Structures are given as structure tokens and as C-alpha cells.
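Line order of the protein sequences matches chains A and B. Position 47 of the first sequence, counting from 1, maps to 42 under the working numbering, and the rest follow consecutively. Position 92 of the second sequence, counting from 1, maps to 87 under the working numbering, and the rest follow consecutively.
Keep in mind that the hints were calculated from the coordinates and are not lab data. No experiment lies behind these values; they were computed from the predicted model shown. Mixed in with the good hints there might be a few duds.
As the list claims (entries may be wrong) - Non-contacting residues of chain A with respect to chain B, defined by C-beta distances greater than 10 Å in every case (computed):
hint : residue
1    : D(-1)
2    : H20
3    : M73
4    : Q100
5    : T110
6    : I207
7    : D230
As the list claims (entries may be wrong) - Derived DEER-like restraints, expressed as beta-carbon distance ranges:
hint : chain 1 : residue 1 : chain 2 : residue 2 : range
8    : A       : K79       : B       : R271      : 35 to 41 Å
9    : A       : A264      : B       : R259      : 51 to 57 Å
10   : A       : R255      : B       : G260      : 18 to 24 Å
Glycine included, C-beta positions come from ideal geometry on N, C-alpha and C.
Number of protein chains: 2
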Amino acid sequence: MSIDSVAIIGLGLLGGSIGLAVAEHLPGVQTRGFDADPEVRSRASDRALVGEVCDDIVDAVRGADLVILCVPVGAMGMAASAMKPGLADHAIVSDVGSSKQGVAQELERVLPGHTVIPAHPVAGTEQSGPDAGFASLFHQRWCILTPPDGCDHARLAELRGFWEALGSTVDIMDAAHHDLVLAVTSHIPHLIAYTIVGTASDLEEVTRSEVIKYSAGGFRDFTRIAASDPTMWRDVFLSNRDAVLEMLGRFSEDLTALQRAIRRGDGDALHDLFTRTRAIRRSIIEQGQDDARPDFGRGDHE
Amino acid sequence: MSIDSVAIIGLGLLGGSIGLAVAEHLPGVQTRGFDADPEVRSRASDRALVGEVCDDIVDAVRGADLVILCVPVGAMGMAASAMKPGLADHAIVSDVGSSKQGVAQELERVLPGHTVIPAHPVAGTEQSGPDAGFASLFHQRWCILTPPDGCDHARLAELRGFWEALGSTVDIMDAAHHDLVLAVTSHIPHLIAYTIVGTASDLEEVTRSEVIKYSAGGFRDFTRIAASDPTMWRDVFLSNRDAVLEMLGRFSEDLTALQRAIRRGDGDALHDLFTRTRAIRRSIIEQGQDDARPDFGRGDHE
Ligand SMILES: NC(=O)c1ccc[n+]([C@@H]2O[C@H](COP(=O)([O-])OP(=O)(O)OC[C@H]3O[C@@H](n4cnc5c(N)ncnc54)[C@H](OP(=O)(O)O)[C@@H]3O)[C@@H](O)[C@H]2O)c1
Ligand SMILES: NC(=O)c1ccc[n+]([C@@H]2O[C@H](COP(=O)([O-])OP(=O)(O)OC[C@H]3O[C@@H](n4cnc5c(N)ncnc54)[C@H](OP(=O)(O)O)[C@@H]3O)[C@@H](O)[C@H]2O)c1
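Next up, chain A with everything else stripped away, as it sits in the complex:
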């Protein structure tokens, strides 16, 4: 068996980028796609995000060797149910959801007996929709697969090969551990960014227009993250609740300690923390996950 045809369900940032990346890196592989929104389907056709845009989810998945669900995590179960009548027995069913335990349970429940291998490409931007995708989104980024116990090694290797062909490096992880790691590296940063932007919008002493004008002092970076899709992120927080609350508790404790240091004028405690945090930045740059230049080197995604 090998992957000769791929069905992509949900043609937004992730689904569109996968379609474009397959066209670029795996030109022999056929792609079909579906999105619940007719306007998204129409834009997806215009941009040729997939070889064929179908008006029916069942047609889109029929005969596909690999089906990738690229919808918000709260919509995974519904999409899986809807496509089931067209799903080939041999198909690998995967997804790109930002949380994995809840999605894995939902897909196993809806598609018993099928080969389900959840995945999460750790790559994205704050933009969404059918105009947001681009073929190089996955270059030099990690893709985490969370195969269930007893997963067939050959099928896992096929899915790994697929993501590597798109430019990713693949890691295998337990779904629960994935959710804890991503709570720290992605979910909590988003939650904090949403919060501070919300706080800043609601102040009486400082106007919104002042917040906007002087945002170059650091705040603007948070607004970028806080401009991410509301539905996607609502679903992530609802589905990864336990890990998010756990990590949020740690963060709040640390923030309280820092608050106390400021109140007491304990400059040494502040200086110590501010010095330790630089080391992580250096490693991130060394490992190619960000760039030291003022433009972050993200221009290479254009």
C-alpha cells in the first residue's frame, strides 16, 4: 500500500496548505477536498488548493488512501460521522487538530475498526480561511503523530513519510503528553495573549487609541497571537481543559512570585529570572525554530 490519493476535509489555513504542499512536493498524489462552507469551496477552487473540490463530503473521501481532517477540534467528530459512508476500509484517517486526546477519543468512537492516526503539525500563522494557506507552511517544522496503542507500523510509516515529504520532521508521542507539551508551548501563550489584549481594551485610564499607538513597546506581538481564529481556539481550550488549567496554575504561581519581588523592590530576583530566560531563546534560534533578525526570518515563508 502507498498513499496515492488524499482527501482533505476543511479547506482553511491548514487544509489549504496541505493541498498546496502536496501539489508541490508530491505531484503524483491526487487530492480532493471538501469544506462545509460553499464560499470556502469556491475560493478553494479558484486557488486550486486541491485537485478537485467536492460539494459532498462523502464524494471527497471516496477511495482516498489518506483522509486528513482539517476542521476545528470541536467539529472533528461531526465531520468524521458525515464522511463515514464514503470511507474506504483501507484508508488512514488522520487530522491536524491542535489538541490530541479528545480528538483521538472522538475519532475512535465514530470510526471503530478504521485506522486512525491523529497528527499535529506544529506550524501555523494567526490567519485562517482559504486564502491563508501556503505550500511551505510545514518546512522545517515539527509534525507530531500520536498513534494509538497497537497501531500498525506500516501505516504509521506511510503517514510519517507523507509529512516528511511536505518538509516536516516527524515525532511520535503519546496523546496525553502531547497535550501537556502543547499546553505550555502554544495554548497558554495564546490564552495569555488573549487576556492581556482584552485587559488593555477595557481600561478606563488608558484609551484604546493610546494602546494602539504605543503598541510597538511589546504589546503588538501579543495582538498578533490574539488575532487567531476564535472558533479554533475556543475548541482547543475546551478540549484540552485539564492540561491548560494545570499549566495555568503554574504560570499564576510564578507571576505572583514576580509580583511580590516587584512590590518588595527585590532587583536581584528580577535580574536572575530575566537572565535565565535568555538561554532558551538562544536554543530556539540555534535549532531553527525562530530567527534572530529583527524580521524573525519569517520572510522565508513568503
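With chain A held as given, fit chain B with the ligands onto it using these hints.
Same frame as chain A, now just chain B with the ligands:
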């Protein structure tokens, strides 16, 4: 009177950028500079950050029409005392410190009878030192002046003209209000970024190497801010304590409310907040304080 010679004290990111910007935009104006660190002075000479690098702070300021202190806010008073013997009676003394009330009080105390007009260019990067500066740092950025009561209008106009020549738009503000606004748009974002990076470094369940590998999910943006200079930021938090603690209190309340919404599974509350925060992002982009492109458009600073 007009500004024909400028003395820059502290030749790091800000001081170096001012020197280079004067050379580019005001080629008729002479610049001299001093830094406490001999290695910084030597690099400053190599890069020609100012016309003349002096080994003595008193020589650097002698006869200057404008003296700009570009040292950490905790070092402003010491630098002002040290330069006092060389300071001309007619000189405008200004600075670029990130907090303004404390600096203003300190400079008034050390330099009674002199014309002191504190300033804060809201422009920066996470890098510091004599190699970090560049001439276009202030382009399209705000510079806030916080003149004391009774400040001479003509001198204020001169300083305004100087910053406008460097590419900034100038705003006049009360020092206390400045400190509140910047607590929101700059100081709290930095504090939060330092905290989350610290929290992530200290976990037992998630390794540092995992945090680094999967940082592209949002975390890496926080590490950039949390790589800022420890001394500079320690001084900012110590000198702007009251406004920082006040704003931190608001942020913590809002975070607690969001935490409760996640615990209760209140998806509507999450979706509402995540939708509201997008509007601010749009305004920031419209007003040229950030860019919608994936590289943030910061390439124009190179
Ligand atoms: N954005 C990121 O940075 C990122 C990174 C990694 C992983 N992810 C994950 O990728 C998935 C997709 O995110 P995205 O950023 O690509 O979102 P997106 O751009 O909003 O695309 C999602 C698309 O799925 C459609 N959709 C929703 N429910 C559907 C259903 N039942 N059947 C068919 N189509 C449906 C949506 O249509 P409507 O607009 O009509 O709802 C939308 O067009 C999410 O699970 C997210 O967690 C995102
Ligand atoms: N970085 C930003 O994004 C930014 C933005 C706006 C405003 N500011 C403000 O600008 C000021 C300078 O920040 P920066 O980023 O330019 O820092 P920087 O790159 O570290 O430069 C500061 C320089 O001042 C020197 N210095 C310290 N004490 C001194 C003294 N008493 N006399 C003479 N030189 C002394 C330092 O030498 P040593 O290394 O030996 O200490 C260092 O070379 C700070 O007040 C900061 O709040 C910064």
C-alpha cells in the same frame, strides 16, 4: 538657539541608533558620545556611532546643546551627576528611559536649574549593546516627551524638531500618564513573557528540549521579548512599580475569569473575548505599528 551639537551618554541600542540616525538625517549636527564600558566605547568608535567617542563623560557633554542619557533608568541619576561639571548652562538635558516619573524626579534633583525634558522613543528590539543600533529604529515610531510644568516652549519645540528629524512622530504627555500607558503596552507584556518563559523552563513533566522544539506554536514569540536586557528591565520594573502592579492586578483578574470559563466549559465566554481582541490588531496594522505579513514587515528596518 538651535541644536548644533548632541552628546549621547550610553552607546548601546538606543544611544547608537540615535548617533547613526543623526548622521543620516541631520548631517550638520555634531555628535559626541560616552559609555561607562571601555569595550563599548571601542566598538562605538569602530562603528562610528558618534562623530567622537570620549573617554571622559565630562568631555563628552562639554558645550553640547542637547545631552541625551541612553543608560538604564536606574543609572540616570549617576550619569547625570558625573557629567554635571561639563554641562553647558544652555543645554537641554533629555533621556530615552522606558519609565518617566522616576527619571524625571532624579534628573530634577541632580540638575536643579537646568532644562530637563525627559523623552521616551517607543521603539526598540530585544537586542542591546553597541552592535545593535541602526539608523532607522525611530522611523514611523512615536516619541513621547514628558516636559515638566513650566517647561520653556521654545526648548520643547527644539527637542520635538530633533525627534521629528529622526523620523518619529512626537506626542506630549504627563509623566505619570506615560508610565500607566507604557505599563500596559510594554512593561506588562515583558513581565508576562519573562514569566511564561521561566515557567516553561522549570517544568518536570515537559523537558526544556520539548519546549524548544515545539516553540513555533506561539511560545517562540514570547521568548523573543524575554530575551531583552535584564538590567534594563529590572530597572524599569523597580522604577515603574506602582503602575506595573496596578495593571498586573487587572490582568490577573481577567486571567482568573478566563480560567473559570475554561473550567466551566463556557465556550461562549471564550469565543466572545477571542472575537473582541481581533479589532485591536486590525487598528494596529492600519496605523502602521505592525504588519499583517507573516514576517511582520519588520524587514523594512534592515
Ligand atoms: N491555525 C493554526 O495555526 C493551526 C496550527 C496547527 C493546527 N491547527 C488545527 O488545524 C485545524 C484547522 O485550523 P485552521 O487554522 O486551518 O482553521 P480554518 O482556516 O478556519 O479552516 C477550517 C475550515 O474548516 C471548515 N469546517 C468547519 N467545520 C467543518 C465540518 N464539519 N466539515 C467540513 N468543514 C468544516 C471551516 O468552515 P467554517 O468557516 O464555515 O467553519 C473552515 O473553512 C484546527 O483543528 C486547528 O486546531 C491550526
Ligand atoms: N531596548 C529597548 O527596546 C528600549 C526602547 C526604548 C527605550 N529604552 C531605554 O533606553 C535606555 C538604554 O537602553 P538600551 O537598550 O540602549 O541599553 P544598552 O544597549 O544596554 O545600552 C546601555 C549602555 O549604557 C551603558 N551605561 C550603563 N551605565 C552607564 C553610566 N552610568 N554611564 C555611561 N554609560 C552607562 C551600558 O554599559 P554597561 O553595559 O557596561 O552597563 C550600555 O553600554 C534604557 O533606559 C531603556 O529603558 C530601551
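Violations among the numbered hints:
6, 7, 9 and 10
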